[in-house]
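Novice: Chain order of the listed sequences is C and F. Residue 95 in my numbering sits at position 95 of the first sequence, and the numbers go up by one each step. Adding 266 to a residue's 1-based position in the second sequence gives its number in my numbering.
Keep in mind that the hints are not guaranteed to be accurate.
What the hints assert, rightly or not - Okay, derived cross-link-like pairs now, EDC-like style, lysine to aspartate or glutamate, Cα gap no bigger than 20 Å in a straight line:
no.: 1; chain 1: F; residue 1: K426; chain 2: C; residue 2: E31
no.: 2; chain 1: C; residue 1: K51; chain 2: C; residue 2: E31
no.: 3; chain 1: C; residue 1: K51; chain 2: C; residue 2: E156
no.: 4; chain 1: F; residue 1: K317; chain 2: F; residue 2: E306
no.: 5; chain 1: F; residue 1: K426; chain 2: C; residue 2: E178
no.: 6; chain 1: C; residue 1: K128; chain 2: C; residue 2: E178
no.: 7; chain 1: C; residue 1: K51; chain 2: F; residue 2: D420
no.: 8; chain 1: F; residue 1: K426; chain 2: C; residue 2: E156
no.: 9; chain 1: F; residue 1: K426; chain 2: C; residue 2: E154
Hints are computed from structural coordinates only; laboratory data are not their basis.
Okay, here's what each chain looks like letter by letter:
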Amino acid sequence: MAFVEIHGVCKSFGSGRDKRDVLSDATLSIERGEFVSIVGMMGCGKSTFLKIAGGLIAPDRGRVDIDGMQVRGVQPNAAIVFQNYSLLPWFSALENVRLAVGAAFPEWSRDRQREQASRHLEAVGLGKALSRRPSQLSGGMRQRVAIARAFATEPEILFLDEPFGALDALTRESLQQELARLSSAAERPVTTLMITNSVEEALLLSDRVVPMTRGAHPLGHPVRVDLRRPRTAAELMHDDHAAHVRAHVVASLTRDLKPTVKRQVA
Amino acid sequence: MKRAANFLLPFVGVVLALIVWAAASSLVPDLPSPLKTWDESKIYILKPLEKRGEMDQGIALLAYYSLMRVARGYLLGMAIAVPLGFMLGMSKTLTRTFDPIMQVLRPISPLAWLPLGLILFRKSEPAALFAIAVCSMWPTVINTMAGVRAIPQDYWNVAKVLRLSRITTFTKIVVPATLPYMFTGFRLSLGIAWLVIVASEMLTGTPGVGGFLWQEYNSLIYAHILLAILTIGVVGFVLDRLMGLLERRLALGHQAVG
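So here's chain C without its partners, still in its complex pose (with noise of 0.2 Å):
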């Protein structure tokens, strides 16, 4: 049995006339210390998705299971990271940190907490922010400081969704390098399970790609990435096997979309 089983999740919203299903049939495993990637368009489900498995969500039928146990709200060796940063914007950076650090690690004392989320602020860069507020920091700083809490709590599991989708590109690539180093480099494997709709950006981090479209079954069949972790994009552009990994998961993807225009497909 894998780490984490999602198995058979199905979603819908609304009742009666406005009911809309947005997950039919979802199943996924992800194995221990592994980085999965859903790579997906807007409105496939695949944020509702992520909160089922981690735990904000329950689903209407299915069910997921971590290390053997089905879950039932979010779990506690496990951390989550949105799009919207979400800090508390009367606490400085290292506040929020320590926020989290005390709520998974209450035992601990209080200046053992902040040091633990110092010295996570430290290793993405933000060792002289410590004491700004969000309102002081840049988009690209407080994405980091949402890094650093879910790292600071010592997760064994890390949920992103679309981590970077609010960054410019140019400030994207920086973070994805970022995470690429933290998730290689954690003490102990860190089983990631990220959603994005960027295929460069799941080539980078994961060690598979999942596609994800609309309707029943949405998870295509997962394609390995045989590269070593951590990559960077330079590697990979010039990378065959790449190359091979990014044309069956945009495949996979454009099978679900109806041309407007007919066209003869080369």
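Chain C is already provided as a structure; the job is to place chain F on it using the hints.
Specialist: This is chain F only, laid out in the frame that chain C set:
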């Protein structure tokens, strides 16, 4: 240039008001002119801390008595309003249960609560405190409630994701997020509390600015009525400004609800 305008324009406003007052007093025989008012009142202002009789005291002493009563009634009102505001904000069920009652109690004037207070507590002091508390609490209840309801889903997500205990969620998320709204409520409530104390002193004849006003009216010394009115206005203004200063000190924004 701007500095001069900031000082000059209000000054001109005050002068104009004095002119209107003087004009009105020449038309209405009972209304004292500004000069006459100053003449008959200056002893209260120039000797603000002198006590010559129960109702014949310096203006600072009278204001002090009123303020002390306001402080007690206001704090009592806030002690009830804040928890009530939080409870109503966090529970839709409670709101639905008590909303009709609240809407009926809200518009009741202090002058109507006072007799009830006298029946309940017999003495005028506790009755006044009761009236202040019950009248001034509503803006704080409503604004605190609005503050809790306005907490963005993002912050609730933080509590869920970090698995914060209910107490931590309350102290570290709900309270800081609601604070600006609470302070708007505090400010409005303070204004009402000051209003109520004057009314209740007038009705019960207790020493203070309101009591002094009513007594002087009954003694036909109209200049003192005007003195009392001006004092009430100035003190109310100062209270509001102090509250605003406190708000700014705590770096809170302005988000007002009725």
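Novice: All hints are to be evaluated individually against the structure, with a verdict given for each.
Specialist: Cross-check of the supplied hints:
no.: 1; hint: F:K426 with C:E31; verdict: violated, 25 Å
no.: 2; hint: C:K51 with C:E31; verdict: holds, 19 Å
no.: 3; hint: C:K51 with C:E156; verdict: holds, 17 Å
no.: 4; hint: F:K317 with F:E306; verdict: holds, 17 Å
no.: 5; hint: F:K426 with C:E178; verdict: violated, 26 Å
no.: 6; hint: C:K128 with C:E178; verdict: holds, 17 Å
no.: 7; hint: C:K51 with F:D420; verdict: holds, 14 Å
no.: 8; hint: F:K426 with C:E156; verdict: holds, 17 Å
no.: 9; hint: F:K426 with C:E154; verdict: holds, 17 Å
Checked against the numbered hints above, the structure breaks hints 1, 5 and satisfies the rest.
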